[in-house]
Each structure stands twice: as structure tokens, then as C-alpha cells.
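Here is how the chains run, residue by residue.
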Amino acid sequence: MKILIVDDSLLDRKLLSKTLINSGVKNEILQADNGESALGVIAEHLDEICLMFCDYQMPNMSGVELMEGLVKVPATSKIPIVMVTASATEDSKKAAYAVNPNLAGYVIKPYKPDEVLAVIKPYVQF
Amino acid sequence: MSNSKSPFEFDGENRELYDLSVLLVAAVRKVLSQKGDIHLSQEPRISEKETIQFAHRMRVDGLEKFNGRTLIAALNFYIDKEHMDHDKALGALIVYIPEDYIARLMWLLEYGRIDEDDEDEVLDACGTVTNLIAGYFIKELSGHGYVHLEMGHFTTFVNSPLNGIDFHSQEKVKHEMEIFIRDEKRMVLELTMGHVKRY
Chain E
1 MKILIVDDSL LDRKLLSKTL INSGVKNEIL QADNGESALG VIAEHLDEIC LMFCDYQMPN
61 MSGVELMEGL VKVPATSKIP IVMVTASATE DSKKAAYAVN PNLAGYVIKP YKPDEVLAVI
121 KPYVQF
Chain B
1001 MSNSKSPFEF DGENRELYDL SVLLVAAVRK VLSQKGDIHL SQEPRISEKE TIQFAHRMRV
1061 DGLEKFNGRT LIAALNFYID KEHMDHDKAL GALIVYIPED YIARLMWLLE YGRIDEDDED
1121 EVLDACGTVT NLIAGYFIKE LSGHGYVHLE MGHFTTFVNS PLNGIDFHSQ EKVKHEMEIF
1181 IRDEKRMVLE LTMGHVKRY
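If you read the sequences in order, they're chains E and B.
Per my numbering, the very first residue in the first sequence carries number 1; after that it's consecutive.
Per my numbering, the very first residue in the second sequence carries number 1001; after that it's consecutive.
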């Protein structure tokens, strides 16, 4: 099974990948740098994605808008999504959970590896 | 927020923006110290300057801040999602970082090594730092009784964006903050903002 990281920041994708690998996560990691390309990756690997990290602020299609589209489609609605954001306010968090009450996690940048690990444990292989 | 108790020097007139600038400095301080154990070597002076605009966009020039190639990241704030969708910015944050410091900064912030010869990567680094600062700034605002603001996505440039950057064009002044680390000027921030309501 594979983990998908969607973030327009190359450095944030690298940092999260490194965090996962250094934590012993064995899953293959896929990446997309925006919402549109994420949809392409999801279509290609639909049955293989066990977890998706989604950046909140992205150009053109925000993380919440991407998630909103995914939860409306039965085939993609089951993908566990962890929202990753620099916006640490309760309002942002509420907006994310309003779109997806089953959100697997909400991680605030800059995060510590333990915070990510605590969220992903049920979904990944070590 | 009482000026007499503030550690920041300020000689401008826009007190409302000054209060926001103090919170922005607090956000910078938290990002640097919590993520990288980096501490400011002196209190930033908050300077008020007139915005220079053309075609409702604000002129931005990195070469006025540093001697040498300067990375710039700009990010807008919005009252709500609807304003964001219609590009009606309430404010703008501009962060200037000398290109020859960005790799060191990202290393200190535990992002690992970046390819200093890859312009896309160094610009992305500047945007990533700006995004962190903006996120902490919004949190500082909320913590001090201001309404939640939506933050947009960062855009990045080297030295100067030809077409300026988007901002609230009725705002006539901006506040500038110079960030010193180990006694060297390593970052300059500019903030402009319309009225932000309080709860």
C-alpha cells in the first residue's frame, strides 16, 4: 500500500517523506505538487493508497477543496486523509472537519515527527 | 497594547498596523525558536513606510533590503474564503531573505540540505518559511482577539516582481521589520493590512 503526499512546497514534501522514512514507515511514498495532479495520482493508484497527506494552502485548488471533491465520490471517500497546515487556528481546523468529519488527522506545521507518527500509526506499515 | 510597554521602537502613525506588526514579530520569533532554536539577536525596529503602487499593486524591491540577490515571498490575507476566491486581499506579508543565507536557514530549521544552485528550490524554501510565519501570525491574531483571517498561497520572486504584488490598495503605509540573527540582518518583513475586526 502507498502513501500520497500532496503539497505544493517541494521542501515540505521532502521533509514529510524524510520524517516517514526515518520513522520506519515501509510504505511506498507517492507525491503530487497540486490538487489537480493529486487527482491523477489517485486515479492511477486508487486501490493502493492507504493514507493521504494534504496541504491546506495550495494554489488553484486548496487542500480542503481537494478533500471536498474526494469525500463526495464513494470510491475515494474512504481514503484516510491527514490535513497538514501552517494555519493553526481553530477556524481552519473546524473548516477541514466540516468538509470531512472522518479526517484521519490534522497536523500543524512545523510538526514534530512524533506528532505525525501518532496520527498515522493505524494506517501504515512499520 | 500599550506602546510604552512595548520593547519595539516605533515612530509611525498607524497604531492599528503597529499592533499587528508586533504580533508578526512574535510569530517570526516562534517559528525560528521552536523549529530551529534560532533567536533574534536584537529587537526589530518597526518602521512605517509609504506603499508605492501602480495599477493597484504594491511595488516590492529586494535590492533595497539587501546588497545582493534577494529572495522574496509574498502572501495575502483575506477576510474570508469568498474574498479569497475573488482576490480581494485585506493585507499582504512580504518576506525578503538574502539568497546566500537561505540554505543555512533551512538547515537550521531542520529541512535538511537544499540545492543552492536550483532556483526553484531556493524560492520554494523562501515561500515555505513565509508560509510558516503567516500561519503563526494568524494564530497570534486569533489569540489576541482578532477574527480569523484566511491566508492565501505564497508567490516567490528573485530581487523584484515586475508587476508588484497584490494588496489592499487603499492602504497607504506598510510596516517594515528587520530580523537580525547573530548580529547579521538575515530577513526583512513587510506587512500591510486593512482593518481587522476583533471578536
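Keep in mind the hints are simulated off the structure, nothing from the lab.
There's no promise every hint is true.
Stated by the list, open to error - With a cut-off of at most 16 Å between alpha-carbon atoms, the simulated EDC-like pairs for lysine to aspartate or glutamate come out as follows: (1) E:Lys18 - B:Glu1110; (2) B:Lys1088 - B:Glu1016; (3) E:Lys14 - B:Asp1118; (4) E:Lys93 - B:Asp1166; (5) B:Lys1197 - B:Glu1016; (6) E:Lys112 - B:Glu1110.
To be verified - One side of the interface only, derived from the structure: several residues of chain B facing chain E at Cβ under 7 Å: (7) Phe1010; (8) Gly1012; (9) Lys1035.
Predicted model only: the values in this text are computed from it and were never measured.
By construction, the Cβ of each residue, glycine as well, lies at the ideal position given by its N, Cα and C atoms.
Now the hints, each set against the structure:
For the suggested pair lysine 18 (chain E) and glutamate 1110 (chain B), the alpha carbons sit about 11 Å apart, so the restraint of at most 16 Å is met. Between the alpha carbons of lysine 1088 (chain B) and glutamate 1016 (chain B) the distance comes to roughly 20 Å, so the proposed pair goes past 16 Å and is violated. At roughly 15 Å between alpha-carbon atoms, lysine 14 (chain E) and aspartate 1118 (chain B) fall within 16 Å of each other, so this suggested pair holds. Restraint check for lysine 93 (chain E) and aspartate 1166 (chain B): not satisfied, since their Cα atoms lie roughly 26 Å apart, outside the 16 Å limit.
Distance hint between lysine 1197 (chain B) and glutamate 1016 (chain B) is fulfilled; the C-alpha atoms sit about 11 Å from each other, no more than 16 Å. Taking the CA atoms of lysine 112 (chain E) and glutamate 1110 (chain B), the gap is about 11 Å. The hint holds against a cut of 16 Å. Contact between phenylalanine 1010 (chain B) and chain E, as hinted, is not supported at the beta carbon level, the nearest pair being about 27 Å apart and thus beyond 7 Å. At its closest, the beta carbon of glycine 1012 (chain B) sits 28 Å from a beta carbon of chain E; the interface hint therefore is violated under the 7 Å criterion.
Given the 7 Å rule on beta carbons, the hint for lysine 1035 (chain B) holds: about 4 Å separates it from the nearest Cβ of chain E.
In the structure shown, a violation is registered for the earlier hints numbered 2, 4, 7, 8, in ascending order.
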